[in-house]
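Next come the chains, spelled out residue by residue.
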Amino acid sequence: MAFTAVLQSEWTKIRTVASTSWTLALVFLVTVGFAALFSATFDPNRLDAAQRATFDPTATSLSSMELGQLAMIVFGVLVVSTEYSTGMIRTSLAAVPRREHFLLGKMAVATALALAVGLLTSFASFFLTQALLGDLGIGIGEENVLRAVTGAGLYLALLALFCMGVAAMLRSSVAAISVLVPFFLIVSNLLVGFEATRTVGQYLPSNAGGRIMQVVPHAFDSPETPYGPWGGFGIMVLWTLAAVLGGYAVLRKRDA
Amino acid sequence: MIEAVGLTKRYGAKTAVDQLSFQVKPGHVTGFLGPNGSGKSTTMRMIVALDRPTSGHVTINGRPFRELPNAQRHVGALLDAKAVHGGRRARAHLLSIAQLSGIPEKRVDEVLAVVGLQDAARQRTKGFSLGMGQRLGIATALLGDPQVLLFDEPVNGLDPEGILWVRNLMRRLASEGRTVLVSSHLMSEMALTADHLIVIGRGRLLADMGTQEFIAHNSAGFARVRAADTDRDGRETLGTALTKAGGRILQEPDGALRVTGLELPQISDLAHRAGVRLWELSPHRASLEEAYMRMTQSSVEYTSTEDPRAELWEPEPLALPAWEDEAEAAPEVPRTGFYAPPPPGAGGQPFLMPSNPGELASASGNPSPNTPEDTR
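Protein sequences appear in the order of chains W and U. Heads up, the first sequence is in the UniProt record's numbering, so the first residue is 1 and it goes up one at a time. Heads up, the second sequence is in the UniProt record's numbering, so the first residue is 1 and it goes up one at a time.
So here's chain W without its partners, still in its complex pose (with noise of 0.2 Å):
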């Protein structure tokens, strides 16, 4: 069976179901929403001289992705984690002898589709802050801010393949949320903010991911890395690929 076979079935299935398009439209409004909300109230005034020294305002743009990145989290669970739910994994693999086909055309259409909309989200969020910035606002063509947006994008790409191998893991919807969003909106939070915590907080796949969408390095008080921009996002490549050869492991050897 050719694997481009698989991939149009996938497709088929991530279009056809509505988890798909709230999740992800999620994804855009509340990532968009909070960045314009956050700029259009920003006072300039109140920044103090070290702040206004290292003010990054691409990382304005980008910090509501803190909260629309949980959205992206729910979808990749669920697109894995469904057909565990629902059963269809069993109507699936008896269709599909080879599973390690299942997963990677699944993962491989689940996760260009939020490349897509993250590097949506991540433009529309960066063009319309710099707009409402007004004089504080820079271009796409200043130095690094490109990379930043477009890293922005595929942070969220990788974080929801992410999501699916430990979906594929856990094999179920509120085991994978369960664990998933507490540890990227408080462990790797809390772990960072600690300083005898530090330097393993560092290494969490979104404090590492993180770091590709910092224009100016210690803006906002942020801590030192021992990583560049694309040495973080490498950190968080081999923990994907961690969870993803986890969750092909779990998938070849359990029964469906």
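These aren't lab readings, by the way, just hints derived from the structure by calculation. Heads up, a few of these hints could be off.
[Stated by the list, open to error] Under the rule of at most 30 Å between Cα atoms (straight-line distance), these lysine-lysine pairs were calculated in the DSBU-like manner:
#1 U:K14 / W:K253
#2 U:K82 / U:K25
#3 U:K82 / W:K253
#4 U:K14 / U:K82
#5 U:K126 / U:K106
#6 U:K126 / U:K82
The hints should help you fit chain U onto chain W, whose structure is shown.
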């Protein structure tokens, strides 16, 4: 052709399927029978490699499922009518499965029409009834026009019209030379659908034979005899005479006697000698359902216990005639309207052969060919 060799599946300490070996041949509807929890579904899941056998193997047309190129063109399976994403519309569901094997979109509309779901094609499947779900599952199985078809309890939730439709569909598919394996826990349904039966209980093979052969082997014949109601003592007199001649007797609810161990002419002679006028003397064969119950009763996983309050509804016990005590007590209390033959001896060959060869020998003899069939 499906071939299983020593198929075994254990879940921890529990053995769901135990050393199962069988062949399902093309051109027949093969019924896969067993009580709930006997391992039918697990076996079918192993055939399509959803579950990995603990030991043994199963092949489809000589190859393991996972090695089949373009599997849907070889095997179609309905394993669980609810195994669909409820948020997806029926047609989109079928399309996504069809695309896996490069099956054209036109075929999706064809199978929707075959199962009679063309009007529900654009509905989300969570609104489907169980019967509609079964039809959608059958449509999924038919998509690739496969040579081998598996159906797990396909008639569950179908109305009589739907059941008839499934029955005819199975027969038609088999007559086209396909291999059709249909599981059910309903013997009566299988008697009408299947040419061949594979019966399992507690994961073990109990029988693998043609349906007619299964009936012949497993249903003991008996005679129903009824003395004229006008003669008050007739029944007792007859009962005593028959018991003395070596017959075994059970009372039927309508006052007739069920006799095993005596041939019909013998019963007639005995009645004549005892001076009892008969209103009925008819040969019967236990139905397939009874044969099946008898075979699987020692292997059912979930049996009900007596309801302690049931006695509240129990009818007045019949006054036992004197000869009833003399007769060897039937090991089983016959329930109203239902005949359960004595259970086979534990161990050994529990069902195909009576545990004591002489016991049922005369009873299982063929009734004369021109006698009426069991009309119940």
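Going through the hints against the structure:
Proposed proximity of K14 (chain U) and K253 (chain W) is supported: the alpha carbons are some 20 Å apart, at most 30 Å. With a C-alpha separation of about 28 Å, the suggested pair K82 (chain U) and K25 (chain U) falls inside the 30 Å cut-off, and the hint holds. For the suggested pair K82 (chain U) and K253 (chain W), the alpha carbons sit about 24 Å apart, so the restraint of at most 30 Å is met. The straight-line distance between the Cα atoms of K14 (chain U) and K82 (chain U) is roughly 26 Å, inside the 30 Å bound, and the hint therefore holds.
Our distance criterion of 30 Å between C-alpha atoms is met by K126 (chain U) and K106 (chain U), whose separation comes to about 24 Å. Taking the CA atoms of K126 (chain U) and K82 (chain U), the gap is near 9 Å; set against the 30 Å cutoff, the hint holds.
The structure is consistent with each of the numbered hints, conforming to all of them.
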